[in-house]
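First to last, the protein sequences are chains A and B.
First residue of the first sequence? That's 95 in our numbering, and the numbers climb one at a time after it.
First residue of the second sequence? That's 146 in our numbering, and the numbers climb one at a time after it.
Simulated from the structure, these hints should not be mistaken for lab results.
One thing to keep in mind: the hints can contain errors.
Which stretches of chain A does chain B cover? Using the computed rule of at least three CB atoms under 8 Å from a CB of chain B, they are [to be verified]:
(1) 118-126
(2) 312-322
(3) 400-407
Yeah, the Cβ is synthetic: ideal placement off N, Cα and C, and Gly gets one too.
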Amino acid sequence: MADPILQQSGIFTPAVIDDIQTKAASGLYQIRGYGTLRQRRWATFDDLTFLPCSLTRIPLEGYREKCTTAVTLGTRYAKRPIQLDVPIMITGMSWGALSLNAKVALARGARAAGSSNTTGDGGMLMAERENSRTLIYEVLPSRYGINIHHMLMADGIELTIGQGAKPGTGGLLLGSKVSEVIARQRDLPAGVDQRSPARHPDFLGPDDMIVKVEELREATNGEVPIFVKMGASRVYDDVKLAAKAGADVIVVDGMEGGTGASPAILQEHTGIPTLAAVCEARAALEDMALYGEVQLVIAGGIRDGVDAAKAIALGADACYIGTAALIALNCNRPLHVEDYAKIGAAPYACHHCHTGLCPVGVTTQDPELMRRLPIDEAAERVSNLLHAMTLEIQMLARACGKSDVRRLEPEDMAALTTEASAICGIPLAGTRKVYGH
Amino acid sequence: MAEITPLATVECGQRPIREINQEIKALIAAGRTGIELAGPGARHNLGVGIVQLARIHIRGSAGYYCAGLIDGPEFEVDGSAGWGLAESMMSGKVVVHGNAGNGAAAAIRGGTVVIHGDAAARLGVSMKGGLVLVGGDCGYMAAFMGQKGTLIVCGNTGEAFADSMYETTCFVGGKVGDLGTDAVIEPLSEEDIAMLDSTLATHFSAGERARKPAPRAFQKIVAGRKLWNFDKRNWQWWREAL
Ligand SMILES: Cc1cc2nc3c(=O)[nH]c(=O)nc-3n(C[C@H](O)[C@H](O)[C@H](O)COP(=O)(O)O)c2cc1C
Ligand code: SF4
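All chains should be modelled from the sequences, with the hints used to inform the complete structure.
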């Protein structure tokens with residue numbers, strides 16, 4: 095007799111059963127790294143396609159005609175705006191979540207590609223400063239490792255209000271990652287499950303933030319741009335408030351944004367997607383007549399030059415990458431497969447950064463595991479990725495007849511779904527209609 | 146302490162804050178390390194980010210973030226100070242003769258903050274070192290998530306005092322409004338009493354000190370360490386804390 099077809103519930107899926115049973119054992123919600131694992135789709139950059147030149151537009155000749163990729167951030171107030179050769183930057187990821195080798199490799203890779211990198215929760219690592227060309231210093235609610243001297247060495251200051259993976263909440267670094275060294279850097283007892291606050295200790299609302307932004311600018315003598323980073327929530331209003339507070343650059347991190355360790359439900363069920371976030375952010379700046387004057391950096395699930403080009407076409411000046419850069423470092427690569435199994439993961443299905451036992455040495459404080467990530471090779475992979483992504487963006491820009499990638503615009507794209515059409519205000523392919531407008 | 150040079154006066158008036166701060170920094174760079182700020186008018190961001198030894202006397206009240214992000218200098222404020230006094234200070238000393246607004250001494254990593262009057266809410270939040278001494282009362286959530294350092298309140302505290310702390314040690318001379326999650330009272334040791342005695346003697350005049358509780362009358366509050374590592378048996382606390 096043929097095997098019966100075993101039917102699984104569409105509600106109580108294996109993942110749901112596992113979640114319930116894990117919580118029943120632990121008494122705690124699930125915590126993990128990586129970002130949302132949802133398979134169900136919402137409108138993403140994949141719902142847009144570029145409309146290259148044919149007869150209505152003339153393309154640029156790939157090998158001869160220039161297509162500029164340089165970006166300047168902080169033109170609003172800073173005496174020393176940030177100049178990048180490429181529009182992709184390495185986002186803030188803490189030393190603590192990341193190993194020292196990973197931090198240094200990201201810095202060197204970004205430097206080689208003419209890009210920037212950002213510190214993270216836990217402060218600046220000297221090796222990171224020494225290996226960076228452009229280093230942005232994050233000021234987070236926890237203020238771990240806050241150090242005015244480090245701020246004065248930075249090329250930009252990023253005041254972080256929230257992150258896309260967990261907007262509106264604080265941070266968490268499980269005890270296994272709070273090594274002696276990390277504990278010292280953060281002024282904590284070693285081995286604690288480190289919780290960090292959701293609110294900044296010295297301001298609450300947007301009006302106080304105006305003074306806070308001024309403080310950061312005063313502390314750094316008006317030299318460097320002040321970024322304000324937020325998780326994508328009520329983006330339209332939040333971007334307006336950040337711009338009003340005097341931000342030079344606004345970073346919006348969509349719900350696809352990665353994390354070192356956060357409650358899983360926040361990654362899955364809070365915030366709005368990156369595609370929607372960039373559209374709201376642009377609209378907010380346009381409505382304040384600040385579009386172009388305040389630069390916009392978009393983060394959250396940016397995988398390649400295509401995503402970045404679409405974000406730029408929708409209004410971003412540059413994109414931050416986190417997870418993609420970690421993948422360049424070897425995250426989820428099928429090496430040391432037995433060690434993935436030990437933490438209950440497998441290559442291509444690992445989101446176990448919170449364990450501190452990263453099989454490829456990226457998100458760990460264990461010296462043995464960290465040795466699996468030789469800095470020079472890893473740095474080269476990071477710079478290669480940044481170059482390759484930039485070439486992808488240039489290719490699309492040239493095909494659309496643009497001599498500067500930042501001239502990409504919504505008009506260069508068509509929507510493939512009615513949702514994307516409604517969100518982006520772009521006509522649905524095959525129609526001349528913008529849905530919902 | 147910095148060598149005392151003839152006092153330089155910076156007139157605040159209606160000048161932009163950048164100009165005021167740049168003048169202070171230029172004076173210090175030129176070796177004029179004794180400075181008074183005249184007519185501060187409770188301006189925000191006075192004296193932010195100074196990383197040299199200097200003595201700065203503010204002849205009136207200061208607004209938000211006075212002496213924020215400093216490393217080394219000594220500040221004296223004749224009046225009161227707004228939110229975020231001395232926030233993230235690494236070393237130095239900040240003395241306020243009046244009251245201080247929310248988040249005074251937030252996230253300090255070292256140095257000393259003395260507030261002779263009262264402190265509002267969230268005093269010493271996330272402090273990572275240093276000494277905070279308040280002559281009067283403090284508002285709610287003082288020492289929240291305190292990591293290291295010592296916080297002394299001679300008067301009464303507001304609600305949720307010393308909530309979710311790591312290793313900050315708190316002393317309260319008056320009434321504790323209500324203890325925060327995982328805050329516990331511990332008996333004073335002889336060393337604590339000696340420390341309180343010398344700290345009060347160092348920072349208060351004899352007359353002021355006579356109006357404060359005796360060192361032995363203070364209560365000591367530290368973390369119960371139940372929130373340091375998750376334990377499902379304590380889920381009631383974690384419900385409050387996470
Ligand atoms: C391992 C890891 C650690 C992170 N640490 C921080 C941090 O310390 N501060 C912060 O603002 N964001 C942090 N983030 C979030 C990133 O800055 C960024 O917003 C996010 O990763 C962007 O999404 P992507 O990973 O999909 O590119 C971290 C992300 C990861 C993956
Ligand atoms: S391979 Fe390492 S960095 Fe990647 S998800 Fe797993 S633990 Fe995290």
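Hints, one by one, checked against the model:
1. Only residues whose C-beta sits within less than 8 Å of a C-beta in chain B count toward coverage, and the region 118-126 of chain A has 3 of them, enough to reach three; the restraint holds.
2. Counting residues of the region 312-322 of chain A whose beta carbon lies closer than 8 Å to any beta carbon of chain B gives 5, which reaches the threshold of three, so the coverage claim holds.
3. Counting residues of the region 400-407 of chain A whose beta carbon lies closer than 8 Å to any beta carbon of chain B gives 0, which falls below the threshold of three, so the coverage claim is violated.
Violated hint: 3 only; the structure is consistent with all others.
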